[in-house]
Structure formats: C-alpha cells, structure tokens
Amino acid sequence: MKKNILKNNGFQTLLASLVCIVLGILIGFLVLLMIEPSGAFDAIMSIVKNFLNYSRANLQIKNLGKTLVKTAPLLMCSLSILFSYKVGLFNIGAAGQYVVGACASLYAAIAWQWGWLPCLLLACVASGAVGALVGAMKAYFNVNEVISGIMLNWIALYVTNMILGNVKAASNPYTRVLAEANKSAILPTMGLDRVFGLQYVSIAIPLAILFAVLVWVVMNKTKFGYELRATGLNKNAAKYCGMAENRNIILSLAISGALAGLGAAFLYLTDIEQWKCTVSAVPQMGFNGIAAAFLGGLSPIGTIFASFFIQHITEGGTQVDMTMYCSQISDLISAIIIYLCGFTAFLKLAMNKAIAKFESKNAKERSTK
Amino acid sequence: MENAYAIEMLNITKKFPGIIANDNITLQLKKGEIHALLGENGAGKSTLMSVLFGLYTPEEGIIKKDGKEVKISNPNDANDLGIGMVHQHFKLVECFSVLDNIIMGVEPVKNGFLDKSVARKKVTELSEKYGLHVDPDAIIENITVGMQQRTEILKMLYRDNEVLIFDEPTAVLTPQEISELLQIMKNLAAEGKSILFITHKLAEIMEVADRCTVIRKGKYIGTVDVKTSSPAELSALMVGRDVNFHVEKKPQELKDVILSVENMSVAGEPGKQDVIKNVSMKVRGGEIVCLAGIDGNGQSEFVYALSGLLPVKSGKIKLCGKEIQNMSIRKRSMSGMSHIPEDRHKHGMVLDYPLEDNMILQTYFKPNFTSKFGFLKRKNIRSFSDRLIEMYDVRSGQGSVTIARAMSGGNQQKAIIAREIDKEPELLIAVQPTRGLDVGAIEFIHKQLVAQRDAGKAVLLVSLELDEVMDVPDRILVMYEGEIVGEFDPKAVSQEELGLYMAGAKKDEVKV
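Sequence order for the protein chains is A and B. Using the numbering used here, the first residue of the first sequence is number 1, and each one after it goes up by one. Using the numbering used here, the first residue of the second sequence is number 1, and each one after it goes up by one.
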C-alpha cells in the first residue's frame with residue numbers, strides 16, 4: 001500500500017514541492033546566518049509566518065487579506081504560463097502581457113472613466129492581442145516565442161510608461177488613485193472587504209480561483225484542450241491528424257496573454273497599488289508565475305496553492321527586521337525559495353530513480369531469502 | 001573443463017507493473033556460434049537485451065560470462081565484458097568519418113594529442129580480415145546504410161568485443177546488402193566471435209543461425225537446433241499456432257478509379273531537385289497497389305503529398321473524382337482517405353496519451369465524441385476504444401487507459417490500423433505497415449489490407465520488404481529517384497527483375 005502512494009504522480013508532485021520549499025527555507029536561513037547570525041532565526045521565522053507575525057486576530061486576518069489580494073494576479077500569471085506550457089510553448093512574455101493588462105485597465109479606468117467590467121475586458125483583449133502577436137510570429141515566421149516574448153516585455157513596459165504618464169498624479173510618478181479618479185472602476189468586494197477588514201479584498205480572488213478551475217476543465221474535458229495537449233506532446237501527430245497547428249499556437253498564446261492581462265487588472269483595479277510611470281524593470285509578477293506554475297506541478301489546482309505560498313513568503317519578506325538586514329534581504333530570501341521551487345520536476349525525477357533502486361534491491365533480497 | 005558458453009542468462013525474470021516481461025528465461029550462447037533470438041513483438045526480446053546491458057535489473061536470475069557469474073549494472077559493465085551491440089537505429093555521428101566514429105570514446109592518445117595512425121591500422125586490418133570493405137575516411141552521411149552498419153560492426157570489433165549482438169540488422173538493408181551481411185556474420189563466427197542475432201525473419205535464421213531460442217509472451221519456449229528445424233516449426237513455436245505465410249486473396253473485382261494522380265511534382269529542399277518528378281498513377285477500388293523501391297527514393301514524400309503533409313508543386317490529385325491537392329489534411333481525411341503513417345511514433349500516435357485518446361485521433365471532433373459545447377464525451381470514447389481493442393486484438397497492460405508509450409510496437413501499430421480502418425475510408429494508404437513486426441502481426445495486418453481490397457476499397461501499400469511486395473499486392477509500381485520506373489504483375493515478375501528496377505539499372509516508360 002505504502003509503495004502505491006509513493007508512486008502516485010500527484011502525491012509525488014506534492015512531496016517534491018514540499019521538499020523544495022523546505023530546502024529553499026534552509027538555504028535562505030544559511031544566507032541570513034552568514035550576514036548576521038544573531039537575528040537569522042527571527043528573520044526566517046517572520047518570512048515563514050508572514051501575517052501570523054501579528055499577535056492580534058484582526059491584524060492577522062487583515063494581512064492575510066493583503067497576501068490574498070496579491071495572490072490573485074500571481075495565480076493568473078501562473079495559469080498563463082501553464083496554459084501555454086501544456087501546448088509546448090514557454091510564454092515568458094506573460095510578464096509583458098501583464099504590463100499591457102495594467103496599462104489597458106488603468107488607462108480605460110482613469111482617462112475614459114469606464115466601469116470595472118469593461119476595464120477587465122479591455123485588459124483581457126489587449127493582452128490577448130499581444131499574446132496572439134507572439135503566437136503569429138511563431139506560427140508564420142517560426143520566431144521563437146521566448147525571444148519575441150522577452151523583446152515584447154520591454155516594448156510593453158516603455159509604451160505603458162508613456163501611455164500611463166498621461167493619467168498620473170500631479171505630485172508623484174504614480175497613476176492616480178482610483179478611489180479619487182474613478183470609483184466605478186474599483187472591483188466590487190461583495191462583502192469580502194468587511195470579512196478581512198481591508199477594502200482591497202475583492203471578487204478578484206474568487207474569480208482567479210474560478211479561472212484555475214476553468215483552465216483545468218478546458219484542458220482536460222474539452223475538444224479544444226485535447227487538441228492543445230496533443231499539439232504540445234507531439235506536434236507531428238497533431239499535424240498528421242489535421243489539427244490546425246498555426247491556429248492552435250496563436251489561440252493558446254492569445255489565451256495565455258489574456259490570463260496574464262486579467263491578472264494585472266485583478267491587482268490594479270483593487271486600487272491597492274498604482275503604476276509607477278518611471279519604473280525601469282518589468283514587474284516580477286509574470287516571472288514569479290513561472291515558479292508558481294512549476295511549484296504547483298503544472299496543475300491548475302496545484303497552482304492555486306503554489307501561488308498563495310509564493311505570495312505568502314514574498315509578503316513575509318517585508319516583515320524582516322530592517323535594522324539588522326538591508327532592505328533587499330526580503331527579495332533575496334524569497335528569490336532563493338522561489339528559485340528552488342522551480343526544481344520540483346527535477347526532484348520528482350530523482351525520487352522516481354530512488355524508488356526504482358529501492359524496489360529492485362528489495363526484490364533481490366526477497367529472492368535470496 | 002573449459003566452459004563452452006560465452007554468455008549464459010539463467011532463469012531471468014523481470015517484472016513491470018501489470019506485466020511480466022521476462023518469465024524465467026534462459027539463454028545460453030555458445031562460443032563461436034550464431035544464436036538467433038526469435039519472438040513476437042512484445043515477447044520480451046528487448047527487455048532481455050536490456051537486462052544483458054544492465055539497463056534493467058532483473059528480479060531473479062543470474063548472468064554468467066565464460067562460466068563465471070557477473071554483475072552488469074550499466075552498459076559500461078557490458079562493454080568491459082566484451083559485449084557489443086549493433087542497434088536497429090545506428091548510433092553514429094553523421095558528419096564524422098568512419099574512423100572517427102569507430103574510435104569515439106576510446107580515442108588513442110599520444111602525448112595528449114590524438115594519434116589516429118594506430119587506430120587506422122587496426123581498423124584497416126579488421127576490415128580486411130572480415131571482408132567489410134569500409135573506407136575509413138568516408139563521411140557517414142555520404143555512405144549507404146549498409147556501410148554505416150558495417151561501421152557499427154567495426155566499432156564492436158575495434159573494442160575487441162567477443163559477444164556481438166545484432167538487433168534486427170536486416171530491416172534497413174536491400175536484398176543484396178542482406179546477403180552480404182549474413183556472409184560477414186558467418187565470417188565473424190568462424191573467427192570465434194559469438195553472435196546473438198535478434199530477428200523476425202525466419203529465412204535468415206535458417207541461413208546463418210546454428211541454434212535458435214524462442215520466447216513467447218515473456219516465457220521461454222525452447223531452444224532448437226536450426227539444422228533439424230524448419231521455418232514452419234519455428235514460426236509455430238513463436239506464435240503458438242500455425243501461421244499462414246501466403247496471403248489468401250479472393251479473385252479480383254476491379255471497381256472505379258478511386259485515387260488518380262496526374263503529373264504530380266513535389267519540390268525538394270531549396271536548391272535541390274524535385275523529390276517527386278511528374279508522377280502519374282491510379283489506384284482503383286478492389287485492388288492493392290504496391291509502391292516498391294529502396295528507401296529514400298521519394299516514396300515517403302509521395303505519400304506526404306497525397307495526405308497533405310507536404311505541398312504539391314504541380315499536378316493534380318483526385319480522390320473519387322474530386323481534386324484534393326489544395327485541401328487541408330483534415331478535409332482529405334474526411335473525404336475518405338486513411339493514412340497508416342511510416343513512422344508510428346512521429347506521426348501515428350501521441351505516445352503520452354492513453355490508448356483511448358489515440359484511438360480517436362482522427363475522429364475526436366465528430367458528434368459522437370464531442371458535444372455541441374465542445375466537451376469530450378468520455379463514455380462514448382471509452383466504449384469506442386474498448387470495441388476497437390476487442391476487434392483488433394490490441395494488447396496492453398491496462399486496456400483503454402494504458403499510456404501508448406508503454407505498449408509494444410506491434411500493438412501500437414495494431415491500434416493505428418484499427419483507427420484508420422474503422423474510419424471506413426475509400427482509400428487506405430499504408431506505409432511500411434509491418435515494419436519491425438513479427439510474423440503473427442504481419443499476417444494479421446496483411447489480412448486487414450486484403451479485407452479492405454475485397455470490400456471494394458482502394459489500397460496503396462508502400463513497402464521496402466520484397467516478400468511483402470511480391471505477396472500482398474495486385475499490382476507493383478517501382479519508384480526510383482522520384483519517378484515510377486516500372487509496373488509489374490507480382491505473379492509474372494521475379495525478385496531479381498524487380499531488384500534491377502529498384503536499383504535504377506532498368507527503366508520502362510509507364511503508361512497510366
């Protein structure tokens with residue numbers, strides 16, 4: 001019985017993910033020890049505890065809410081990565097498509113005074129179009145999607161800075177706060193804000209989870225998903241049986257882009273953050289999505305938990321005692337943990353080898369007895 | 001007393017989940033003999049060889065070399081023991097010379113620099129001794145498949161291997177090359193090398209092997225002395241019943257033209273000449289037409305153009321009177337064309353999909369399998385797949401949910417054939433449908449092709465196997481360098497005559 005559970009794919013993924021997490025935390029702890037041993041334990045604990053650092057229940061739940069607000073966009077980004085990955089494409093351009101989503105939703109909200117739903121849809125369409133562009137270049141000119149994706153990330157960033165520069169606040173480089181500029185663009189909360197005691201907790205969170213389920217259903221239950229997975233697993237067979245290869249490449253990258261763009265709208269339309277129009281690096285959200293997708297074992301459902309965890313330690317990193325460590329330490333520690341999270345697949349392979357070795361050894365012992 | 005056996009594999013048992021691949025198999029290879037290993041696809045031959053090479057660890061059994069028990073836990077151990085193998089798919093670097101390929105991994109070094117002169121001398125000597133006639137400086141991609149195989153043999157000899165394993169070595173060769181290879185094997189055995197010869201071809205076993213070990217469904221059936229045996233006995237041992245070598249066909253009833261190709265040309269790679277040059281041919285209902293030829297003379301491209309995988313440069317293709325040369329692959333398939341592809345792993349299957357998902361690869365979009373809203377109807381798919389598995393006797397560990405990768409080649413092929421025939425096509429294109437399969441599976445597949453013919457459908461068979469070319473079709477077309485150079489009645493032509501056309505030595509004007 002015990003053997004069976006170890007061989008189960010889902011269980012293996014879970015175990016591998018957990019081992020990666022523990023390893024990441026250990027290495028992070030070692031780095032902290034090297035910098036300043038006296039506060040290392042407290043620091044790593046505050047990263048792991050995140051919202052539990054607060055002693056009062058209402059503050060705990062408020063900070064949990066804050067983590068969740070940022071989990072929603074991360075989940076969308078990792079779904080974006082995962083969706084294209086199933087088709088055999090690596091959409092590293094998700095980061096740029098996320099930026100386009102931020103641009104479209106914020107500009108429509110502030111400049112055109114649109115409501116939240118049309119803003120969401122516009123983000124979806126704009127990012128989807130960028131994804132489709134990457135797909136079209138891949139399909140018709142055989143341009144590698146990683147190359148064109150990375151290039152477009154930068155183009156998207158600077159175009160967004162230019163466009164959103166038109167709707168920025170007078171006194172700082174950030175876009176105008178939606179609470180003042182256009183209240184109707186803020187995502188409805190349906191009472192969630194009162195539950196968490198934080199006005200930014202909105203329907204974005206349940207919506208993101210709904211999208212994860214939707215991605216799972218599309219991939220596993222529909223004709224479209226059957227085609228996409230077949231294309232990802234064996235492009236030649238897909239062509240042989242007459243699947244429209246080019247259409248599927250473009251469509252899957254368009255959907256991937258739309259998911260990332262929605263993710264951005266899910267963050268900025270809560271008003272918790274504003275876009276900084278002088279930013280010179282593509283936001284990490286899209287790249288962290290890669291780690292979350294792999295940590296979640298490339299399963300849409302696993303990704304929900306992986307996204308939460310990654311956001312949890314990222315938020316936890318901001319709680320580290322800044323008098324003892326420099327301010328970049330939180331990014332460094334969460335980066336180490338996220339980096340190791342990417343090793344899930346590798347660990348699974350190693351695990352399978354170990355199991356095979358163990359079994360053949362056992363079998364030999366039995367046969368000699 | 002000196003031990004007479006070079007290699008002994010005693011009571012080997014290797015299990016996989018749901019299947020016992022090797023069940024108490026014993027194989028004893030005498031020094032200096034040619035020992036054939038015969039078995040159906042999925043009988044466990046590959047597993048047994050993987051055990052010998054240390055790729056799998058058996059649950060039970062021991063391996064002895066020269067009478068002493070040895071432990072082989074990886075291919076390097078096998079190499080150290082003097083065991084070498086010529087794989088079905090050669091492991092050569094295309095752009096390197098023969099000599100470079102031979103010394104690769106055991107390069108002779110002098111003062112830190114490569115010293116090829118010693119190696120060259122040894123290779124030349126070996127080549128002469130065994131009559132291999134290989135030019136050590138030729139580049140691999142420029143020499144024939146037969147010469148490449150000899151390079152592989154030289155690789156083993158250069159490493160002073162005593163035990164040589166040939167894994168289906170004749171599958172890729174022309175008839176002339178086959179007889180030369182068999183002679184080389186005899187020379188090697190005469191010089192004291194021990195040879196293990198894995199094959200399906202009974203005629204070859206009869207010609208060169210001293211003894212033959214037969215396994216069936218993972219079980220050891222027996223070891224027979226070839227001189228006192230017959231092909232009929234061997235095949236009965238292998239399959240477990242008597243096999244009919246000759247394809248039974250009803251008298252022919254020709255119907256209307258189903259496939260008609262008119263002056264079709266297909267472009268080659270940029271800067272090279274056309275791979276198909278102005279070819280015209282017809283296939284009618286109720287006949288099997290075989291496109292014969294040596295591999296690489298345009299047969300693959302011809303079929304790719306028919307099925308839509310390659311664009312046509314000029315000319316017309318008509319299926320049941322309709323022009324299809326500009327149609328998509330899907331439309332051609334829907335208009336009544338089924339295609340059993342040459343490479344079942346590259347085109348024929350999604351190996352990581354379960355068997356049932358492979359069964360619907362050509363029809364998944366039909367209302368029977370996909371609902372109005374685009375959802376797959378899993379229940380229908382399962383029952384459809386179960387029906388095909390039953391009808392075509394596709395064997396696998398867990399039925400419909402078996403991952404296709406875990407199935408044997410023969411059963412994968414059966415699944416593809418089930419899928420393509422069940423589509424009820426007007427035209428069935430079968431490209432090397434029996435490649436790498438055993439006599440039992442070959443017989444089954446030939447019967448299916450003939451059944452299509454007898455049902456009035458058109459069958460286009462592309463084959464490299466002369467036995468198949470002579471036996472199955474009603475008409476033979478020989479393709480040489482992208483042109484059809486001869487048309488024959490299989491009953492009225494000899495293998496030698498066909499061989500001349502296939503090699504380009506003779507050429508007719510073929511009228512359509």
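Watch out, some of these pointers could steer you wrong.
[Claimed, not checked] In the DSS-like style, the derived pairs of lysine-lysine whose C-alpha atoms are separated by at most 27 Å in a straight line are:
1. 357/A with 217/B
2. 217/B with 239/A
3. 366/B with 357/A
4. 221/A with 68/B
5. 235/A with 221/A
Everything labelled a hint here was simulated from the structure, so no lab data went into it.
*Can the restraint linking residue 357/A and residue 217/B be considered satisfied, given a maximum Cα separation of 27 Å?*
Within the cut-off at roughly 26 Å; holds.
*Quickly compare the C-alpha distance for residue 366/B and residue 357/A to 27 Å and report which way the hint goes.*
violated, 45 Å
*When you check the alpha-carbon spacing of residue 221/A and residue 68/B, does it fall within 27 Å?*
violated, 57 Å
*For the pair supplied as a hint, residue 235/A and residue 221/A, is the alpha-carbon distance within the 27 Å limit?*
holds, 20 Å
_Check whether the Cα positions of residue 217/B and residue 239/A lie no farther apart than 27 Å._
violated, 35 Å
Violated hints for the displayed structure, listed by number in ascending order: 2, 3 and 4.
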